[in-house]
Amino acid sequence: MKYATDRKRAEGLGSGRQGTAHHWEMLVSSMALLVVVPAFVITFGLVFGGSHGEVQAFFSHPVAAIVSALSLIVIIRHVMNETLEAVEDYIHGLAGKLTIVAVTALAYTLIATGLFALAKLAL
Amino acid sequence: MAETQSGNRPLSPHLQIYRPQLTSMSSIMVRATGIALFGLSILLIWWLLAAATSPGAFAFIDGLMRSWVGDVVMLGATWAIFYHMLGRLRHVIWDFGYCLDVPTSEKMAMGMFGLATVLTAVVAVVF
Numbered sequence: 001m002k003y004a005t006d007r008k009r010a011e012g013l014g015s016g017r018q019g020t021a022h023h024w025e026m027l028v029s030s031m032a033l034l035v036v037v038p039a040f041v042i043t044f045g046l047v048f049g050g051s052h053g054e055v056q057a058f059f060s061h062p063v064a065a066i067v068s069a070l071s072l073i074v075i076i077r078h079v080m081n082e083t084l085e086a087v088e089d090y091i092h093g094l095a096g097k098l099t100i101v102a103v104t105a106l107a108y109t110l111i112a113t114g115l116f117a118l119a120k121l122a123l
Numbered sequence: 124m125a126e127t128q129s130g131n132r133p134l135s136p137h138l139q140i141y142r143p144q145l146t147s148m149s150s151i152m153v154r155a156t157g158i159a160l161f162g163l164s165i166l167l168i169w170w171l172l173a174a175a176t177s178p179g180a181f182a183f184i185d186g187l188m189r190s191w192v193g194d195v196v197m198l199g200a201t202w203a204i205f206y207h208m209l210g211r212l213r214h215v216i217w218d219f220g221y222c223l224d225v226p227t228s229e230k231m232a233m234g235m236f237g238l239a240t241v242l243t244a245v246v247a248v249v250f
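Chains as they are written, first to last, in my numbering: chain A, 1 to 123; chain B, 124 to 250.
Any given hint could be a false lead.
[Said to hold, decoys possible] Below, in silico cross-link-like pairs of lysine to any residue (SDA-like), each with a Cα-Cα straight-line distance of 20 Å or less:
1. A:K120 x A:K8
2. A:K120 x B:S228
3. A:K120 x B:L145
4. A:K120 x B:S177
5. A:K120 x B:L172
6. B:K230 x B:G220
7. A:K120 x A:V63
8. A:K120 x B:R142
9. A:K120 x B:A182
10. A:K120 x A:S51
11. B:K230 x B:L172
12. A:K120 x B:F181
13. B:K230 x B:L145
14. A:K97 x B:S150
15. A:K120 x A:H61
16. A:K120 x B:A180
17. A:K8 x A:L27
18. B:K230 x B:R142
[Stated by the list, open to error] To give an idea of the chain B side of the interface with chain A (calculated C-beta under 7 Å), a few residues:
19. L163
20. V195
21. V196
22. R213
23. V215
24. A244
Think of the hints as simulated: they come from the structure by calculation, not from any bench.
For clarity, every value in this text was computed on a predicted model and none was experimentally measured.
We put the CB at the ideal spot given by N, CA and C, even for glycine.
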C-alpha cells in the first residue's frame, strides 16, 4: 500500500528533475521580454554609433545603466534557457550533460562580465 | 514473407519530401533566433567590456560592429530579437489556452514575420 499522495510522488520529478520550473520560468521571461526587448533596443540604439567618450557618458546615467543591466540579465538568462531546451532535445548522455554545463557557464560568465563593464562605466 | 518485402515498403515522412508548414517553420525560427541571440550576446558583452577598458579596445570592436558586415549582423540581430519576442508572446498566448487552432496559429506566424520586419525597418530608419 502506498501512503504517499499523488502530489508527493510527482514532486521533484520530471525528465529534468525539476518538474514544471523550467516551463514556468520560460513563461515568465517570455512576458518580461515584451518590456525588456523594446527598452533594450531603444537604449542600445541611442548609444551605439557614439564615440568612446559619448558611450562612457551615456552609461553614467542611472536609467541607461539600470535598463542595460536588467535587459542583460533577463535576455541572456532567457536565451540560455532557450539553448538548454534545444540541448536537452538533441544531445543526450554525457555529451548532453557537459553541454548543459558549458552553456550555463558561458551565460553566467557573459552576465557577470557585462555587469562588471556596466558598473565600471556607470561609476 | 516480411523479408521479401523489406526493401519495398513505404517510408515514414522523409525530410526530402516533407512539405514544411507555416506552424513548424515559425516555431523552428523561434528556437533558431533564440540560440543565435545567445551567440550574438557575446559581441555585445565584448563591446561593453571594451568600452569600460580602453579607447583602443573599444575602437577595435566598435569599428568591427559598425563596418558593413557589422551593419548586416546588427540588422539581423534586431530582426531576430523582435521575432523571438513575438514568437515567445505566441507561446504565452498558447500557454494561457488561447488561439491553439491551426488557422489562428498560422495567422500569428504571419504576424510574427511581418511585425518583426516592420519593427526592424523602424529601428533601421530611426537609429
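When the hints from earlier in the document are held up against this structure, which numbers fail? Going through the list in order, the structure violates hints 1, 2, 3, 8, 11, 14, 17, 19, 20, 21, 22, 24 and respects the others.
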